[in-house]
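Asker: Sequence:
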Amino acid sequence: MKTFPTSAAWCLGILFISVSLITTGSSEVVGPADRVITLAGDDIILPCSLKPNISAEDMLVEWTRLNPKAENVHLYRSGRDSNVEQVPSYRRRTSLFHEELKNGNVSLKLTRVTLSDAGSYRCFILTLTSQEKETTVQLFVGAVSQPVISIDGTKGWGVVLKCESGGWFPEPEMEWLDSSGTILPADGPPERHRDSEGLYAVRRHVTVNQTDTNRFTCRVHQQEINHLKETEIHVPDYLFPSRYWLIVGLLIAAAVVFLAASAISFYMWIKYTEDDVFPKSLLGLIVGLLIAAAVGVIAASAGVYMLSKHIKDDVFPKLQVGLIVGLLAAGAAVGLLAASAGVIGVYMWRKHTEGIYYFTILLYYITILLCYITILH
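Residue numbering for the sequence shown follows UniProt numbering, starting at 1 and increasing by one per position.
What the hints contain is simulated information worked out from the structure, not anything from laboratory work.
Mixed in with the good hints, there may be bad ones.
To be verified - In the EDC-like style, the derived pairs of lysine to aspartate or glutamate whose C-alpha atoms are separated by at most 16 Å in a straight line are:
(1) LYS109 x ASP43
(2) LYS155 x GLU171
(3) LYS229 x GLU164
(4) LYS162 x ASP178
(5) LYS155 x ASP237
To be verified - Have a look at the derived ranges for each label pair, beta carbon to beta carbon:
(6) GLY188 x VAL84: 52 to 60 Å
(7) PRO185 x PRO47: 38 to 46 Å
(8) ARG194 x ASP81: 22 to 30 Å
Ideal Cβ positions, reconstructed from N, Cα and C, are used throughout, including at glycine.
Assemble the whole structure, with the sequences as input and the hints as a guide.
Answerer: As structure tokens, this is what we get:
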């Protein structure tokens, strides 16, 4: 059996080492083209590798934070991690990918990132030929939190909503949107505050009116870290100030005016009429119709209010909805009859009080108009 000459083996070894040294000498350390962006609390990888891909298992790899002063973040030498001099704030939070060292990957994994970790990091490699190679990685750390919406009272016919969100970095923007995604005009500029840790809190109010969905969204976004958080709220119908109480009040006032004008007209009719064209026996019928009209107006107004508030609620029985619709119809019919009776009375009054006639008839038709505006509304 032939044996390989010792001199030949020695030559091959020298050749292999020479090729390795040449390759190592021509390699370079490559980092990311852009800064690395992450959020506080996340884990992040700071990329760094040898190109071409040669083994770094027997090299010295050192990660250092450069600002505000140089700090030892992670050290690998003699084939193992050596973090005796590691800065305490990085302890048990850094690691290399040991299985990737043979491929030249010396990237650093940093866990549970904090805002104070932001800055410039140097990836330094001491090659087998004692050549120093390095690159710099910029780490930017942001912070976000979920916005919280609360109801902060009423204003006019609307409900005031308040959105708050703290724990942001850098300073975020806040806006309100309706269910279709349209930006709503807020009640003034956002209120901003920065705490002792450098985190921003923002608050903004908006007054919203009742819509088909009553759904509104508070959006907080930070363009620099390209992050966005949203919270949606549904405002129940019953929280919006009701306009129907105003309409009911107007109708009651109109009914009072209606009855007062009618009473004056009947008084003038009884006092001055001397013919039998309009029998006094109809007086009782007219008075009854007027009283019924007042009751009908109030019932119709209450019906409109209840119908508007509860027509969409499953807990509101359909029987009551039918009753309300009936009251609306009855109120309209009685209002017409009462108006007709009142006009007849005013006609008789006109024969003796020409000047006041136009004012009284105006009151009648204002009352009728208010009745029908309310019912149609």
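Asker: Are the hints correct? Go through all of them and say.
Answerer: Hint check results:
1. LYS109 x ASP43: holds (7 Å)
2. LYS155 x GLU171: Not satisfied, since the Cα-Cα distance of roughly 29 Å exceeds 16 Å.
3. LYS229 x GLU164: holds (12 Å)
4. LYS162 x ASP178: holds (14 Å)
5. LYS155 x ASP237: With a Cα-Cα distance of about 15 Å, the restraint between LYS155 and ASP237 holds, given a limit of 16 Å.
6. GLY188 x VAL84: 52 to 60 Å: holds (56 Å)
7. PRO185 x PRO47: 38 to 46 Å: holds (45 Å)
8. ARG194 x ASP81: 22 to 30 Å: violated (38 Å)
In this structure, the earlier hints numbered 2, 8 are contradicted, and the remaining ones agree with it.
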